[in-house]
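Spelled out from the first residue to the last, the chains are:
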Amino acid sequence: MILTTFLLGSTILTDMLLEAIRLAAGYDLAMARPIWTGTISFALLSVPVKLFTATRSKDISFNQLEKSTGKRIKQKRVSSETGEEVGSENIVKGYELSKDRYVIIEPEELDALAPTDAANEKTVQILDFIDGDQIDPIYYEKGYYIAPDKGGARPYSLLVQGMKATNKVAIAKMVMRQKEYIVAIRPKGDYLCMETMMFHDELVDTAEIDELANVTTELNEKELDMAKMLIETSASDFEPTKYRDEYRDKVLALIEAKAAGEVYELPKENKPAQVVDLMAALEASLAAAKAKKAS
Amino acid sequence: MATAGPGTSVNIEGRALSLSNLDKNLYPETAGGFTKGQVIDYYVRIAPLMLPHLAGRACTMVRFPDGVNNKSFFAKNLPSHAPEWFDRVVRNDVSYGVINELAGLVWAGNMAAIELHIPMHREADGPGGDPVHSAYPDRVVFDLDPGPGTDIVQCAQVAQLIRELITPLGFTMTAKTSGSKGLQLYAIAPTPMEYGDVGGTNSFAKRVAEGLEAAHASLVVSRMTKELRPGKVLIDWSQNVPGKTTVAVYSLRAKTDPTVSTPVTWAEIDAAADGAPLRFTAADVLERVASYGDLFGPPWAAAE
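Protein sequences, first through last, are from chains E and H.
Read in order, the letters of the first sequence correspond to residues 1 to 295 in this note's numbering.
Read in order, the letters of the second sequence correspond to residues 1001 to 1304 in this note's numbering.
It is worth saying that the hints were derived from the structure and are not from the lab.
No experiment lies behind these values; they were computed from the predicted model shown.
Each hint should be verified, as a subset may be incorrect.
Across the chosen pairs, the derived CB separations fall in these ranges [to be verified]:
#: 1; chain 1: E; residue 1: Leu44; chain 2: H; residue 2: Arg1288; range: 47 to 53 angstroms
#: 2; chain 1: E; residue 1: Ile135; chain 2: H; residue 2: Arg1279; range: 45 to 51 angstroms
#: 3; chain 1: H; residue 1: Thr1167; chain 2: E; residue 2: Arg244; range: 56 to 62 angstroms
#: 4; chain 1: H; residue 1: Gly1014; chain 2: E; residue 2: Val204; range: 33 to 39 angstroms
#: 5; chain 1: E; residue 1: Ala32; chain 2: H; residue 2: Asn1092; range: 39 to 45 angstroms
#: 6; chain 1: E; residue 1: Ala32; chain 2: H; residue 2: Val1094; range: 26 to 32 angstroms
#: 7; chain 1: E; residue 1: Arg244; chain 2: H; residue 2: Arg1288; range: 52 to 58 angstroms
In silico negatives: residues of chain E with every beta carbon more than 12 angstroms from chain H [said to hold, decoys possible]:
#: 8; residue: Thr37
#: 9; residue: Ile130
#: 10; residue: Glu202
#: 11; residue: Ser285
In this text, a Cβ means the ideal position worked out from N, Cα and C, and glycines have one as well.
For reference, chain E alone in the conformation it holds in the complex (with noise of 0.2 angstroms):
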């Protein structure tokens, strides 16, 4: 429950108000905010949490032009028989079982089988507790971070200090956007935070790679010496500050020099043209309407 501050007496709620004005004075428009909200259980532990993504792309994205006019290109869906548009309301999904034989799928079939938050109860599930280094870092998929929510403190500040004197792992299972996750909960620091993980039969198997197989040559110590010396004078501490996309810095520096000079701006639409077009298109609608009706 966010609002607890709803129930209770006003001299309390005057003190939250405050400290909720005080909190939000430092509000920044585009301050994190939490992606999902729910509860860790584990035994007769339960911890109110908020997750919040740890990374964020800064990848580049463009829009596709038309070069002679500078217009957006857009998208149509048509039909691979008769190369004519089809609307949204007459595409179903198929699964391909064997070459053109699709077995349908109705959307209300497959709701009836995704997994809900409501139906977890919006609970991340500890499964189990395992040596960190145990995990091949190949299943990590993306990471978050976990915040205690109203309530949760103790309970948090139990299960991190609990993990780092065990130096534990916690293998758990959630429900994130009807999507079933593994995810494992290490402490970080004073928090916590969360990776969502491939499930095992996700990972190619290595046997499918015929390059990977007879890999190994044997070498001479002399020929080892030499490569380990080759490595250590280069071994250093993994700061990542260091690494940055230079591709990306190059595309960006690109982009700005550009819109210095060269900015491909949108023709503006003939506004009056376009409202008829719009009330044209209306009245036609409605005609087809009333004529599907009468029929």
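Chain H: place on chain E using the hints.
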């Protein structure tokens, strides 16, 4: 010790504000009451999502200084005692407040401005600038108002009809509860539209209402005439003019309970058309946004 007496001073993003009568119960009929402090508390919490929608729009504040059961003031003119930093825009000799920042929202809350209403356009040259309002609304609104004997169920059914009719024309649509009894549909045209009676948003919305009235006479009415309304949903198309406002998304309403004009999904509207309830209070909304974020988000929040 709480300091709820007159003149509780707060500093919000460098703006000094004095808040008063925070303990005053503005919703006497709701269980446990809902004080002015709670109104401000709600607005502070919803501010990160709500402000982008209010920004740049002349705001009409509906004030209930003695609670929702007592006299209200439809305040278009920002009072002269409003803080100097408050953004304003002058139109037709009326100096409207423009809520562009958190402090403005808190100030309004302190004025017991429970309801905030905004027009369908942003000011062309920003607050305090050119008094001529933008000729271009950035949305068309359909206010679905249930007549006697109908409720949110019929409103949701009419929302479906409007969606079926105009989505194929290229309109992007979203919906919110009015926070009272009805629903409000917002549609962004595929190309900019003007206000106006010839080919503008108002005449477009009117034709939608009339067309659906002709096709679904037992469910839809397009005229406000009282006698026509029992058993039907009024598609109020008339708010698509520069001088008219509609309750802002996330605004509280001055009803029995502190209900909110809440963005909803089409799945929720489809469920409501089959009878599911669609009513949210301030507490519900804060929980919803924690899970869903801003359902009224871009392009709905996008500035000009």
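(request) Mind listing which of the numbered hints don't hold for this structure, in increasing order? (result) Violated hints (numbers, rising): 1, 3, 4, 6, 7, 8 and 11; every other hint is consistent with the structure.
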